[in-house]
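Engineer: Sequence:
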Amino acid sequence: MYKFEMQGGILLGPSAIGRSHKFLDTIFPKKSLTVLETLANIGLLFFLFLVGLELDMRSIRKTGPKALGIACAGITFPFALGIGTSFAFRATISKGVDTTPFLVFMGVALSITAFPVLARILAELKLLTTDVGRIAMSAAAVNDVAAWILLALAIALSGSETSPLISLWVLLCGAAFIIFAVIAIKPLLGLMAKRSPEGEPVKEIYICITLTLVLACSFITDTIGIHALFGAFVMGIVVPKDGPFAEVLTEKIEDLVTGLFLPLYFAASGLKTDVATISGGTSWGLLVLVIFTACFGKIVGTVVVSLLFKVPFREALALGFLMNTKGLVELIVLNIGKDRKVLNDQSFAICVLMALFTTFITTPIVMAVYKPARRGAPYKHKTIQRKVHDTEVRVLACFHSTRNIPTLINLIESSRGTKKKGKLCIYAMHLMELSERPSAITMVHKARRNGLPFWNKKQNEDHRVIAFQAYGQLSSVNVRPMTAISAFSNIHEDICTSAHQKRAALILLPFHKHQRFDGTMESLGHAFHIMNGLVLSHAPCSVGILVDRGLGGTSQVQASDVSYNVVVAFFGGRDDREALAYGMRMAEHPGILLTVIKFVAPVGKTLTFGAKLVGVTANKDKKVIKVADGNSQSEDKEEDDQLWNEFVSVSAKSEGSLVYEERLVESKEAVASVLGEKNKSNLILVGRMPPVAPLVETSDCAELGPIGSYLASSEFSTHASIIVFQQYDPTTDIYPLVMEVSDFSNMPDTSLHDTES
0 MYKFEMQGGI
10 LLGPSAIGRS
20 HKFLDTIFPK
30 KSLTVLETLA
40 NIGLLFFLFL
50 VGLELDMRSI
60 RKTGPKALGI
70 ACAGITFPFA
80 LGIGTSFAFR
90 ATISKGVDTT
100 PFLVFMGVAL
110 SITAFPVLAR
120 ILAELKLLTT
130 DVGRIAMSAA
140 AVNDVAAWIL
150 LALAIALSGS
160 ETSPLISLWV
170 LLCGAAFIIF
180 AVIAIKPLLG
190 LMAKRSPEGE
200 PVKEIYICIT
210 LTLVLACSFI
220 TDTIGIHALF
230 GAFVMGIVVP
240 KDGPFAEVLT
250 EKIEDLVTGL
260 FLPLYFAASG
270 LKTDVATISG
280 GTSWGLLVLV
290 IFTACFGKIV
300 GTVVVSLLFK
310 VPFREALALG
320 FLMNTKGLVE
330 LIVLNIGKDR
340 KVLNDQSFAI
350 CVLMALFTTF
360 ITTPIVMAVY
370 KPARRGAPYK
380 HKTIQRKVHD
390 TEVRVLACFH
400 STRNIPTLIN
410 LIESSRGTKK
420 KGKLCIYAMH
430 LMELSERPSA
440 ITMVHKARRN
450 GLPFWNKKQN
460 EDHRVIAFQA
470 YGQLSSVNVR
480 PMTAISAFSN
490 IHEDICTSAH
500 QKRAALILLP
510 FHKHQRFDGT
520 MESLGHAFHI
530 MNGLVLSHAP
540 CSVGILVDRG
550 LGGTSQVQAS
560 DVSYNVVVAF
570 FGGRDDREAL
580 AYGMRMAEHP
590 GILLTVIKFV
600 APVGKTLTFG
610 AKLVGVTANK
620 DKKVIKVADG
630 NSQSEDKEED
640 DQLWNEFVSV
650 SAKSEGSLVY
660 EERLVESKEA
670 VASVLGEKNK
680 SNLILVGRMP
690 PVAPLVETSD
700 CAELGPIGSY
710 LASSEFSTHA
720 SIIVFQQYDP
730 TTDIYPLVME
740 VSDFSNMPDT
750 SLHDTES
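Residue numbers (numbering that gives the first Met the number 0): 0 to 756.
Honestly, the hints are just simulated from the structure, not real lab data. Note that the coordinates shown come from a computational prediction; the quantities given were computed from them, not determined experimentally. It cannot be assumed that every hint is accurate.
[Stated by the list, open to error] Derived pair list, reagent style DSS-like, types lysine-lysine, alpha-carbon separation capped at 25 Å: (1) LYS271 to LYS30; (2) LYS202 to LYS271; (3) LYS65 to LYS29; (4) LYS251 to LYS240.
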């Protein structure tokens, strides 16, 4: 986070494009620099306020000895090396600077860990909720607070007055301001937070008062002689973190700050950075020295203390590189040093390049050193179809908006059956995108802290979760809410890994389109489409894609009111067997009328009707699928006949709740006609890749297969919900996201949390 913006700022400055005086005079004329820096510094104030909002002092107070020890080592060792490096600077390129402020500034510059940047890196690497991530975040939070205290000391020492009494007076006034903020401002903010209950909008006057207080506190600390940033940072820390108040504050200002003001700050910093000042062997030698001491101090100090706390070596090494993250916070420190005349142009440029280098190397090195092995114990029931029917069925049901919840709950209620044996266990996973917004990091951090998806244990219960928990308490279904917070480009890894951890037999995904009021299907975004395709390719169990057309309406249906007509279209093949097995389970519910249509081709022909079927494997290879005709026997056909015979015997004892019909079809138009007769049903179950000719020539949802892509179109129906099943096939699971190890007994969660209801 921010490393590319830092790079862009440097490129705009005199180091690259800004070497052209015509460019600088046109884009950044001297008379505009004052306005630019003013806006940049206002944005920086509110950014530091956001950083303070992310830090929860309660979690810092609860920091264990391990994280505290690592934080102390991550500060003291590089700080000492920074002081040593400062003597080399003073002997060469920084002659004549004040000794004490320069020593402290260099110590802080080398020892700081950028908390916001570290949080972003951990989230991107899916390490935020691992042990390494937990330790790194706790240590970085302690480090952050300590670094700002040291920076306050450095600023106090770097005043124009040389008297130590002045510096002492500045520090005492700073301490008095912090006490005032805790005693006077915090209760006021707490009162406003209490008057902003969950589910109600926060009053605009409260937002205005808080933002005005941020500016007022910044003015006070600037007047004291520390820096305006400290007032904003302290304000962020004292804001109550419970309730929606802090979240609303973040939402109100983060887009403006990160989208407009911070880029201006990077531009202003870039205009001050001239890499060309690093010339000659001495300067380049100092650059290498600074990079070496910064990395060596942080990494070695962290690794040694981690090993003393019996952290495994690879995790300790990863912690060392993570704690070496610099970025924007480092840039703030260096700019303050330059404004205070502690750092000259050359030493400033050297330190900026050091910050860039250490931030750039963090992600690739941590990925190389420590990528948590996604291993798990093998498990047996990876499909709905199974030989032993009285075993528990585990389903990972995913949703990304409240729109999916009523249909999901009604589907779960219809699928639970009535048998005491073979209970249904549902993991309801909320899929949430990890964006560039600071609030996304706050949400993930809260998930880790609470051990819950992203709601507070006491007050801020999410209405999505309440719906599932209430249903779980009223029914015999075990419902466990979960969350996955990742970029949509790789959230399929979280889904597949969680399905394996929870030993799921079925992953239920929402279709990437939803039905509008006029009956047309509207896309929710290409990212959801890609996600579904990746889950289908890498799933460790069966997958069902739910095309939601309002099963049971827009509210939860009571158990006694369930009355659905469910249709299974059976053409044959592995996926159709899974659809039939799920339908047979649903038929156990007294409110379900299951109709199974078995499509039969004329003698000597197949349901492909002369079409050449091409399957696409997980690695994008295409191969022609051979379909046996009615006269030949194949393993698939034997299994079809076996399940069909089982279904017929169950149907005979069902007292009318299971009915079936065999339909002879001579063309794909006849198939479409038969399916069209059932378009008023509540739910249609179908396999993803049955051996049948596609019913539509072109489709933008080809992943649903030849039948599913037709059923999902608005031309077919505006009433019937669809589930398209893909049965797990171990022969095609060539790129698993979880490697099964037979002696592996326990696997920790990587980026997810669940809680039993």
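Engineer: Give a verdict on every hint.
Structural biologist: Going down the list of hints, with the structure as the test:
{"no.": "1", "hint": "LYS271 to LYS30", "in the structure": "holds, 16 Å"}
{"no.": "2", "hint": "LYS202 to LYS271", "in the structure": "violated, 41 Å"}
{"no.": "3", "hint": "LYS65 to LYS29", "in the structure": "violated, 51 Å"}
{"no.": "4", "hint": "LYS251 to LYS240", "in the structure": "holds, 16 Å"}
Violated hints, listed in ascending order, are 2 and 3; each of the other numbered hints is respected by the structure.
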